[in-house]
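Given these sequences and hints, build the entire structure.
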Amino acid sequence: MTVVRNGRVPQRRIAETVADELRTLILDVDGYRLPTQEQLVKDFGVSYPSIREALRILETEGLVTVRRGNVGGADVHRPDETSAAYHLGLSLQAGRVTLRDLADGLRMLEPLCAAECARREDRAEVVVPALTAAIDASVEVLTEGAEFTHSARDFHDLVVGFTPNATLRYAVGSYVALWTAQEEAWAEARHRHGEYPSQLEADEAVRTHRKLVKEIAAGRADRAENLARAHLAATQDLVLERYGDRIVDASAAMARQTIHNHGRSRL
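Residue 240 in the working numbering sits at position 221 of the sequence shown, with consecutive numbering throughout.
Some hints could be false.
Stated by the list, open to error - Label pairs and their in silico Cβ distance ranges:
#: 1; residue 1: HIS212; residue 2: ARG32; range: 54 to 62 angstroms
#: 2; residue 1: MET127; residue 2: PHE63; range: 21 to 29 angstroms
#: 3; residue 1: VAL85; residue 2: GLY238; range: 44 to 52 angstroms
#: 4; residue 1: GLU57; residue 2: ALA253; range: 23 to 31 angstroms
#: 5; residue 1: PRO183; residue 2: ALA152; range: 15 to 23 angstroms
#: 6; residue 1: ASP49; residue 2: ASP222; range: 25 to 33 angstroms
#: 7; residue 1: ARG86; residue 2: ASP264; range: 23 to 31 angstroms
#: 8; residue 1: GLY213; residue 2: HIS106; range: 33 to 41 angstroms
#: 9; residue 1: GLU78; residue 2: PRO148; range: 39 to 47 angstroms
For the record, the hints were derived by calculation from the structure and aren't laboratory data. The C-beta atom is built at its ideal place from N, Cα and C for all residues, glycine as well.
If you want it as structure tokens, here you go:
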């Protein structure tokens, strides 16, 4: 219990109150920009140390980045599936969750997104053209190893991104971002060692993507879900054969960068 002496509210409590109000603004107001510390002091009627402590609280939550020095200030970072994926990945890493376990979870969830895409009334105008363009882009780098993996992952990102239900989209998008980071790290390693899968396997991935688009275009949700699940199992096996017992790694530099670049930039 905090003891209040002389009727004064402890600085930490003041800072938490300020942080609560700023957090609400960041989450509720599109494009919200933090005022200067001087303005925050005036707006809240509190001291500079309380404002700085409030900003530190928000910084630890990943909602702001405080720039120090002559060009000081604070940049706002509104949470999205990318930030959710990173923190989820750290939790999985701390829990010693393996890539095999992550793959199993993704096989349960991602195919649901393919089915939901097939149920969209506007799939012919919105979903199918974007998925087809992604496939065509991957064909252009079919023989370029790790670059093909990166391009092919865009297709999966789009399938999830076009899922109408926001809760499913954000949750599955986080898992997809994590798996993408692991698969791209695998592809880079295999490419460097001259052990990247053959072009025949890349061709098969492209053919399956095209089949999946046909099922989505035809509105055959059940068939789209089953095909997506079988495709995931086949492609994941390439990674799991060697790395299945490894722990999910969200903290490595490459994984952080992949997760950071994931999501909105691909939609």
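Now for the hints, and whether the structure bears them out:
no. : hint                                  : in the structure
1   : HIS212 <-> ARG32: 54 to 62 angstroms  : 56 angstroms, holds
2   : MET127 <-> PHE63: 21 to 29 angstroms  : 46 angstroms, violated
3   : VAL85 <-> GLY238: 44 to 52 angstroms  : 50 angstroms, holds
4   : GLU57 <-> ALA253: 23 to 31 angstroms  : 59 angstroms, violated
5   : PRO183 <-> ALA152: 15 to 23 angstroms : 20 angstroms, holds
6   : ASP49 <-> ASP222: 25 to 33 angstroms  : 43 angstroms, violated
7   : ARG86 <-> ASP264: 23 to 31 angstroms  : 42 angstroms, violated
8   : GLY213 <-> HIS106: 33 to 41 angstroms : 36 angstroms, holds
9   : GLU78 <-> PRO148: 39 to 47 angstroms  : 41 angstroms, holds
Hint check: violations occur at hints 2, 4, 6 and 7; the rest are consistent with the structure.
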